[in-house]
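Student: Letter by letter, the chains look like this.
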Amino acid sequence: MCLGIPGKVIELYHTNGMQMARIDFGGVIKEACMEYLPDVKVGDYTIIHVGFGLSILDEAEALETMELLKQIDALGSEEGTAA
Amino acid sequence: MKYVEEYRDADLTGKLLSDLRRAVSRPWTLMEVCGGQTHSIIKSGLDEMLPHEITLIHGPGCPVCVTPLELVDKAIALAMRPEVIFTSYGDMLRVPGSERDLFAVRAAGGDVRIVYSPLDALKIAKDNPNKTVVFFAIGFETTAPANAMAVVQAKAQKIQNFAVLVSHVTVPAAIRALMESPDVRVDGFLAAGHVCTVMGYWEYEPLAIQYRIPIVVTGFEPVDLLHGILMCVQELEAGRQEVRNAYARSVTRDGNKPAQSVIQRVFEICDRAWRGIGIIPQSGYRLRPEFAFYDAEQRFPEVRSIETKESPLCISGLVLQGIKKPVECTAFGKECTPERPLGATMVSSEGACAAYYRYGRLAAKGKS
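Going down the list, the sequences are from chains A and B.
1 is the number of the first residue of the first sequence in the working numbering; add one for each residue after it.
1 is the number of the first residue of the second sequence in the working numbering; add one for each residue after it.
If you're looking for bench data, these hints aren't it; they were derived computationally from the structure.
One should not assume that every hint holds.
[To be verified] DSSO-like mimics (lysine-lysine), calculated; alpha carbons at most 27 Å apart, straight line: (1) 41(A) / 2(B); (2) 70(A) / 309(B); (3) 8(A) / 155(B); (4) 126(B) / 30(A); (5) 30(A) / 2(B); (6) 8(A) / 257(B); (7) 30(A) / 123(B); (8) 8(A) / 123(B); (9) 30(A) / 325(B); (10) 41(A) / 257(B).
Please read these numbers as outputs of a predicted model, since none were measured by experiment.
Put together the whole structure using the sequences plus the hints.
Tutor: What follows is the structure in C-alpha cells.
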C-alpha cells in the first residue's frame, strides 16, 4: 500500500492550479501531482505514491550509502571472514 | 531503472549478508512495521537467508489489513446506494465484509471503481455531477497527503458531489501500542521508509528513548532491507537505542513539510480501531470539522449506525502484532486462502498471510 516507485520527471505543468508532472517509470509514462515538491525540476528522480511525488531522491546521499555498503564488505574480505 | 536495479544487486545482497553474519552474536527479534517490507522480504527470500540469530516478525503496517470490518461494512452500504459511485484503491475491493465484499457489490450492479489516485476519484465526481462520488480514504501517513489534497481540491474547485470515508492510521501510535503489550517481544524496529519520507523520523526519537529500543528507517528493496537490518543489529550489539536512517536518499529527519502541513490542515488526530487489534488511542486521522461537508459518514448519516463485530475464527490480530506467524494458524492454507480469505491478512498482497501463501511458506518450520 505504501509502495512508492522512483520515477524521473520529464515535464512540469499546471492543472487546476496544481503543479503536475509527467513521470517516466522506466518507459511507462504517468501523470503525478508535484504540489508537495515545490523545488522539483525536470530531470529529478522522485518517489511517487498514489499519484503524488513525496520526495526528490538525493543523489549524493544515494552515492554515499552505496560507497559505505561496499566498503563495509571490503574490510570484511580483508579480514578473510566473508562467507 | 535508476534507483531500483542497484538495490536488487545479488552481489551486494550477498556481501551485506556476510557482514550481518559477522555483526551478530546473539538472538535478536526485529519487527518490520510495513506490509510492503514484509512482501519484499518474503518475495526475495531474505527471511530464509538471514543468520539464524535474527528473527523477523511482521508488523501491523498494512492499511488494508487493519481497516476495521465496520468500515468495510460501511463502504459496502455506501457502494450499494444507487446514487453513489464508490471509488477505492484496488486492494480494498476483495476485503471481506460481514456478508460480502465490494467486488460482490459491483457484480450485483453497484458502481464501484478502482482508482490509482484520489485525484482520479475527484475527476469522476466532476464528470458525473448527478452522482455522489465516495472515495475510501484509507492508509498510513504515506497516503494521507494524497487523500488530504483530494479534499482540499474538492473545496477549492467547489466539487460538492464528492465525499470521503476516512480510515487513516499512524505508525508511531502502533509502535507505542505494541511496546505496551505484554505479549509482544521486539528488540528493534525497522521503520517504514515511505511513512518517514512524509513525516520524517523525529517522532520516533522519544519512542526509542522511552522503550529503549533502536528504530531504523528502512527502504523496500533487498539491499535497503539488509542495510536497515544491519544497522539495527549494530545498534543492538553495541547496546545503543537510537533512531537511525538507512533510507537517506528519500528520508530526512524533518520529512516533507508541505505534505505535513496539508495533512494537518485537513485531518486531526483521533482514536481509531485497528482490525484484529482493537482501539489504539490517538492512532488515526479524521477530517477536521471545517471539512465535515466532505465526510461520507456525515453525508449519509444512516451508515453511522452500522456496528460490526469481527469473526473469532481468524487470528489475524495476533499476526498483525507479530505474536503469531501465519503458518501457526490452523486455518492457514486450508480453510483460509487468498481465493477464500477468512481475514484481511490473507486478502491484501501486503498481508503477512498472503505473502507467506504466495511465496510458498506453507508449513511451520524451524530456522536453519
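Student: A separate judgement is required for each hint: does it hold in the structure or not?
Tutor: To see whether the hints hold, each was checked on the structure:
| no. | hint | verdict |
| --- | --- | --- |
| 1 | 41(A) / 2(B) | 17 Å, holds |
| 2 | 70(A) / 309(B) | 51 Å, violated |
| 3 | 8(A) / 155(B) | 30 Å, violated |
| 4 | 126(B) / 30(A) | 21 Å, holds |
| 5 | 30(A) / 2(B) | 17 Å, holds |
| 6 | 8(A) / 257(B) | 22 Å, holds |
| 7 | 30(A) / 123(B) | 16 Å, holds |
| 8 | 8(A) / 123(B) | 25 Å, holds |
| 9 | 30(A) / 325(B) | 38 Å, violated |
| 10 | 41(A) / 257(B) | 18 Å, holds |
Of the numbered hints listed earlier, those contradicted by the structure are 2, 3 and 9.
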